[in-house]
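> All chains should be modelled from the sequences, with the hints used to inform the complete structure.
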Amino acid sequence: MKNVTLPKGGLWCLLLLLWSMAGAYAQGTTVTGKITDASGVGLPGVTVLLKGTSVGTATDVGGNYSLAVPNPATGVLLFSFVGYKAQEAAIGGRSTVGAALAPDTEALGEVVVVGYGTQRRQDVTGAISSIKAEDIRTQGSNTVQKSLQGRVAGVQIESAGGDPGSGVRILVRGAGSLNNNNPLYIVDGVQVDNINNLNPTDIASLDILKDASAAAIYGSRAANGVVLITTKSGKKGENRIDVGGYVGAQQIAHKIKVLNASEWAGVSNAAHDNAGLPRLDIAKNPETLGAGTDWQKEIYRVAPMQNYTAAASGGGDNFTYSLSGAYLDQQGIVKQTDYNRWNLRLKTDFTKGRFRVGETVILTKEYWRGMAGGWGGQGGNPVGSALKMIPVYGVYAPDAVGGYAGAYGPVVNVANPVAQLNLEKPETNSTAAIINAFAEVSLFKGLKYRFNVGYTNTFGAYNDYTSPYALGDLKGQNALFNNADADLFQNRSQMNYFLQEHTLNYGTVVGKHSINALAGYTYQNTKYEILSGSKSGMPTGIQQLDAGITNIASGGNAYQSALLSYLGRLVYSYDDRYVITGTFRRDGSSRFGPAYKYGNFPSIALAWNVANEQFFKSALGVVSNFKLRASYGILGNQEINDYRYIPLIASNTNYVIGQDQHLWSGAIQTTFSTPNIKWETSKTVDVGTDLGFFDNKLNLTLDYFVRQNSDVLLQVPIPLTTGASGSPPYVNAGQITNKGIEAGLAYNHKVGDFTYQVTGTFTAIANNVDFLGTGTQQIFGGQPTHHGASATVTEAGGPIGAFYLIRTDGIFNSQDEVNAHSQDGKLIQPSAKPGDVRFVDANGDGQIDQNDRQYCGSPTPKFTYGFGTNAAWKNFDLSLFFQGTQGNKIYNGAREDLEGMNLEFNYSPATLNAWTPDNHTNFPRAVINDPNLNSQTSDRFLESGSYLRLRTLQLGYTLSKNLLTSAKISSCRIYLSFDNLFTITKYTGFNPDLGRYNAGSPGGGILDRGVDFPHVAYPLARNSLLGVQLSF
Amino acid sequence: MKSALYIACLALSLAACTKNLDQVSPNSVVQTNFWKTDADFMSGLAATYKVFHDVNNGYFGVRGIETTNGRGDDFVIRNDVKDLYQLATFTNNATTGVPGSLFTGFYTAIFRANQIIENAPLSSLPDASKQQYIAEAQFLRGLNYYYLAMNFGSVPIITKVPVERTDYFASQSPETAVWAQAVSDLQAAAAGLPAAYPAAMVGRATKGAALGFLGKAYVYQKNWAEAEKAFKQLALPSGVAQSPFTYALMPKFEDNFVKTGDNNAESLFEIQNQNVGGSQPWAGENANEALGVTTAQEFAPTEVAGWFEVSPTDKVFNEFQREKAVGDSLDPRMYASLVWDYPGATYYNRPFTDFKLVFGYKSMVRKYQNWREANEGIYISEINEKVLRYADILLLYAETLTMQGRPAEAYPLINRVRARAKLTALAAGFDASQMMAELRHQRMLEFFREGQRFYDLKRWGLLEQEIKNSDKVGKEFFTARNAYFPIPQGELNTNPNIKQNPGW
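Taken in order, these protein sequences are the chains called H and Z.
Be aware that the first sequence starts at 1, since it is given in the UniProt record's numbering, and climbs by one per residue.
Be aware that the second sequence starts at 1, since it is given in the UniProt record's numbering, and climbs by one per residue.
The set of hints was computed from the structure by calculation and includes no laboratory data.
The reader is advised that the hints may include incorrect statements.
[Said to hold, decoys possible] In silico lysine-lysine, DSS-like type, Cα no more than 25 angstroms apart, as pairs:
| # | chain 1 | residue 1 | chain 2 | residue 2 |
| --- | --- | --- | --- | --- |
| 1 | H | K132 | H | K85 |
| 2 | Z | K252 | Z | K324 |
| 3 | H | K617 | H | K512 |
| 4 | Z | K468 | H | K826 |
| 5 | Z | K160 | Z | K36 |
| 6 | H | K51 | H | K512 |
| 7 | H | K833 | Z | K468 |
| 8 | Z | K252 | Z | K422 |
| 9 | Z | K315 | Z | K356 |
| 10 | H | K132 | H | K874 |
| 11 | Z | K19 | H | K527 |
| 12 | H | K826 | Z | K475 |
| 13 | Z | K499 | H | K826 |
| 14 | H | K34 | H | K961 |
| 15 | H | K335 | H | K257 |
| 16 | Z | K232 | Z | K222 |
| 17 | H | K284 | Z | K362 |
| 18 | Z | K458 | Z | K315 |
| 19 | H | K750 | H | K132 |
| 20 | H | K833 | Z | K475 |
| 21 | Z | K356 | H | K284 |
| 22 | H | K255 | H | K297 |
| 23 | Z | K362 | Z | K468 |
| 24 | H | K475 | Z | K356 |
| 25 | H | K874 | H | K968 |
| 26 | H | K512 | H | K85 |
[Said to hold, decoys possible] Some residues of chain Z that are not near chain H, with every Cβ distance over 12 angstroms (derived):
| # | residue |
| --- | --- |
| 27 | A195 |
| 28 | N223 |
| 29 | E228 |
| 30 | K229 |
| 31 | K252 |
| 32 | E254 |
| 33 | N318 |
| 34 | E323 |
| 35 | G327 |
| 36 | P343 |
| 37 | G344 |
| 38 | V387 |
| 39 | P412 |
| 40 | A437 |
Keep in mind the model is a prediction, meaning the values are calculated, not measured.
Cβ atoms here follow ideal geometry from the backbone N, Cα and C, with glycine treated the same way.
Given below as structure tokens:
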């Protein structure tokens, strides 16, 4: 032992010391019992806590609990539940301790999961929102996050539309970075990339660490908040089986109106006449064309979905287990699209003497059938193409290669969306394993050492097969889209994440002093690799690369990163009145150069339980809980690409050489590096209060925060003349501040058989870029159409991704008005004619260009909110939940296309009201070629994004016990549930709840947020479900 | 003791972890390990040449071809890609995209050439190899400055690789200095490059290419005496190539614009286009990049699934018919350049009557189109862009002599071009201005769709006159400032040391 060199002496000597002292400790035991109300009916969800510690659990539906207690002789259990008086019971060596709770308690005593442990709610000093399983009416949502929308104060959740299996954008306290804004997800101790693939009914609780104090234990990865997910555990002495299932139907919530064939031809002819160009052949004789093809009708459907879950759980004196499986199949409202998922989860916990071991294993298999992208045309995916495809064209052409018709003639190349859906088959199969195992040993009283190993593995297989086609007239002639040979592209990617953690946890109570201390070391390593290949020319029916003969390509790359950390936390509480928490984490990251690898992330927080003060007792009749909290801390963000601090040689900058013109492989430095980049840091000040009124029937949580992200890692654009402006080096160059208030409210009441709960959340966040790069730095984003100019600018003084647009000022009604719009005798819009749009020359330089863009609004809502109620009367229950945003803008890219009349595709009904010399309207004239650029990106197409949506409506009925006993069923509930029944909004696109989350672009596309680009859209669905939940 | 053992193992495992914080990319070579071998420099050269045909930033990529041709009095562009429409109708401004891309492309190539020029002397390669790589890189750098001077005028001259961040912010030099930089690079290239390469190396810059561009650079500066010196090294007064060069006009004009005519006897320098590499012409610089161009697909008519972005004007259509060829036929260059409704006209293997003239003009483009195929296939054209043809050398040589008051000496040169076009020999006795008129006419026909018309008019001082005197859409918006592109907004936004061009 003497020969061993300890790398970080202090910690390991301490560990050693504690280890050797551990022998003195006596064995613990498990206490079980049933908690009932005054009439003897079991109370579910009662918090059971070993007084003075963080050891705790909650009762199951029958009111039973089971808790491992280290000090059965001296320990005192504390039982608490909303609406009931807390009660204490000395264990006194017993193995069964029951209690009957009297209604109307004083204070709430629930347990909150914090990083690397749990805390009593009253000891919590940071801003943490907790969601329990029963709060999530997940039955209608395929992913966990969607069901959280509007339920957590301070957390903005935006869906990316109705694509089954799609992700969402989650912003905890606003967007603070121009890189990754995703929170850190920890599932049973293991970091995961996203939680889309979890089975919602597997989740026991979800705790969101919002401020720096709460999140600081996660250091450099926590700047965007931390979402801790705890999956369900078994309960001692209660072996049970739960099964559930639902079937449902989804349909598109809102279509965008476009012209029918004859209407379109009329507008097209007017646009050509006004431009002095010949009319299109296909638009001749509008009156004979009729309605034509309704392309949206052709691609949407009422789509079925079904979900089945089964779970077995329970436990004995020294172990618990929980085993669950689930299957979800959700077809998409766009034909052919499909998603299905298999889940299997096992979680056990085993205690033997001073040792405790346990694990969580979550296995997931997912399948996506997506839809084609753009096929090189200007319609985008089938959703975008269905809007722009001219209704004159037909769907099918049996004699054509591929069997589908398409656009032909001098029109924009928009692909037949039905052909896109049927002829290209993009499929992803993904399997994921999340494994966490721990061993815990109680070294002596109050001190535990825990060794945790985590491993995740995600394997993805993507296959994209495209059939040959010729989309043209009925004979397949004049086709704008041709694909002579079948194409197949495949890739296989694998990500491995490995974690090892060593933590020591010490808790003690001495008189009125309570101390909880944590120290730890963690190491994690992430590896990613991908391999791809593609070929064309497979014979019909063969979808394997071996059969391909042309266009042979292959590729692959790999990335690896490591993070090494030391962490510590000290929580000191005095007399349940004053709590102070200090947290520290030191992270070392492989993403930065030698001098900048390590960063320190400290935080401090205070809480004062005012209600526990003597002087406050008189107020307790009305105010039953009153806590003040304040915290300050520093967090980090290191989510940039690997290897950015070393200059690299880019390969495949290829050319052609030789009389035979063969490939000349090129390689050269194409970008600059920055050796001195370091972490983004995020400093958050948070003050908050938790209030309870009328014996905690009414609870209110309020927080105010200022979150300042500095040293924002940013690719500050560098001059084009450097020759490396395409991918500028990262520098720590910006500062972004989010200020906000968030409030959560809950009211519980019971009148006879009628119980109800009303909840509400409110979040207002102001986002501001304080400075960026070189001061006048602008970052452009938000492309709204195929060739359109960017719609958003991020620059100092405004919010991230703000809309900066050329402003419009009505229509020129006469040549005089055109002439009057001049400067120094020169026309500002020389191409304008009466009926064209008047643009505002904001910089007064006598011309309209991109330098005339002005601030027109923000994609960040002024506030977001959610409210709802859960009510029960006898055997019936009802749940209603509304959610919405206020004050945000959306750039409607669909309108820029459909109202432009500058190109040959379908138009919006608004064009029927276009300006003519005889009918002066506020809608510009129809003119193909659009010399005045009426259709350019401008504030014409910016709309209010505010909305209020009935997110969920659920009605349930629980069958009476008597009926079920004979069938040996302990409970049975049947329910009917609706998602997105209606949305109140002025927004005219598919859906105002528009994440446009793009994993491939910087910050997940944070600069595109609020820009509705139909080429990549998938409209939101309205769901109706019928389900049943059974317990045995 | 058991726990001690455990802790020892733990300690060792933790120490190993610390090393893992030093991660090196498994995907790329680190810059400090590069620029050692011939292969490194050859790779660097490929990366420098290739910028010219980059899909977005390449002067000879699709947007470059559309822009250089689209502003001439011989082309119109429709309003599909707004930037191109604005450029072609002279309603563009500093924020219009394409010139910014081309500007980026020029400086990308310059940055890459500078890497070669700086690193070659530091390597331990033989002197001859170093000289070759430096001369080739100087050719490329000089050619990029040449196009910068033509298009943007006064721009920064950068001849070093930036070291510090402060080096990113260069200041402008006057247009004359930019030309001088182009000239000095091309002179160095002409001195250091070989006259020809073995077959496997065809396509790289030659001495002839450097001399040709050197001569053209002088022509643009109206330095006729120096231009004559350069052209003299390429051609004899008779128009026959000067030894050691073997340049000659291809017997048939159209042989220059078909796939089989790549790297032919008439060619001094070409941009190599071939469907090798990856399969995606829009992929950008990576393994997926297909190394052909999509220009022909953009110009092809909709009836063959083309994107019909451009149309020739009737001005050029009529200009082709001004002088009949022998036997009262039309100039064969017209058939090679355009297609219109003449008896037996075919286009993409179909009668021309199958096609609709949607722009209201009389003809469509044949030159550089794969119009003998059924359509443009997978959109990737393999026809090389003939950037510098011997016909250009002959006509410029003739112009150089004419401008020095020696029109008589221009005859043998221009008559070679006329003869190939089945035109009779030029009548004797032209004075300088008559000869210039003939040269202007010939250049308009000879170089249609070769990106020269706009710049010829510019150096002749005829831009405004000829554009206004045409049937080009947007001609009324042309003003003198359109002779140059504005400095792109992307540069103004990022570089405090730069000023906008006059008039913009």
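> If a hint holds in the structure, say so; if it does not, say that too.
Hints versus structure:
1. K132(H) <-> K85(H): holds (21 angstroms)
2. K252(Z) <-> K324(Z): Roughly 17 angstroms separates the two Cα atoms, so the pair holds.
3. K617(H) <-> K512(H): holds (19 angstroms)
4. K468(Z) <-> K826(H): The hint holds at about 19 angstroms.
5. K160(Z) <-> K36(Z): holds (19 angstroms)
6. K51(H) <-> K512(H): holds (12 angstroms)
7. K833(H) <-> K468(Z): holds (20 angstroms)
8. K252(Z) <-> K422(Z): holds (10 angstroms)
9. K315(Z) <-> K356(Z): With a Cα-Cα distance of about 19 angstroms, the restraint between K315(Z) and K356(Z) holds, given a limit of 25 angstroms.
10. K132(H) <-> K874(H): Status holds; Cα separation ~23 angstroms.
11. K19(Z) <-> K527(H): Satisfied, since the Cα-Cα distance of roughly 16 angstroms is no more than 25 angstroms.
12. K826(H) <-> K475(Z): With a Cα-Cα distance of about 17 angstroms, the restraint between K826(H) and K475(Z) holds, given a limit of 25 angstroms.
13. K499(Z) <-> K826(H): holds (24 angstroms)
14. K34(H) <-> K961(H): holds (19 angstroms)
15. K335(H) <-> K257(H): It holds: about 19 angstroms lies between the C-alpha atoms, which stays within 25 angstroms.
16. K232(Z) <-> K222(Z): holds (16 angstroms)
17. K284(H) <-> K362(Z): Holds, at roughly 22 angstroms.
18. K458(Z) <-> K315(Z): holds (18 angstroms)
19. K750(H) <-> K132(H): Measuring from Cα to Cα gives roughly 21 angstroms; hence the hint holds.
20. K833(H) <-> K475(Z): holds (17 angstroms)
21. K356(Z) <-> K284(H): holds (15 angstroms)
22. K255(H) <-> K297(H): holds (9 angstroms)
23. K362(Z) <-> K468(Z): holds (19 angstroms)
24. K475(H) <-> K356(Z): It holds: about 19 angstroms lies between the C-alpha atoms, which stays within 25 angstroms.
25. K874(H) <-> K968(H): holds (22 angstroms)
26. K512(H) <-> K85(H): It holds: about 22 angstroms lies between the C-alpha atoms, which stays within 25 angstroms.
27. A195: holds (16 angstroms)
28. N223: At about 26 angstroms from chain H, N223(Z) clears the 12 angstroms cut-off, so the statement holds.
29. E228: holds (32 angstroms)
30. K229: holds (31 angstroms)
31. K252: holds (20 angstroms)
32. E254: holds (20 angstroms)
33. N318: Label holds. Min Cβ-Cβ 20 angstroms, cutoff 12 angstroms.
34. E323: holds (31 angstroms)
35. G327: Label holds. Min Cβ-Cβ 36 angstroms, cutoff 12 angstroms.
36. P343: Holds, since 24 angstroms exceeds 12 angstroms.
37. G344: holds (22 angstroms)
38. V387: holds (14 angstroms)
39. P412: holds (31 angstroms)
40. A437: holds (33 angstroms)
Violated hints: none; the structure is consistent with every hint.
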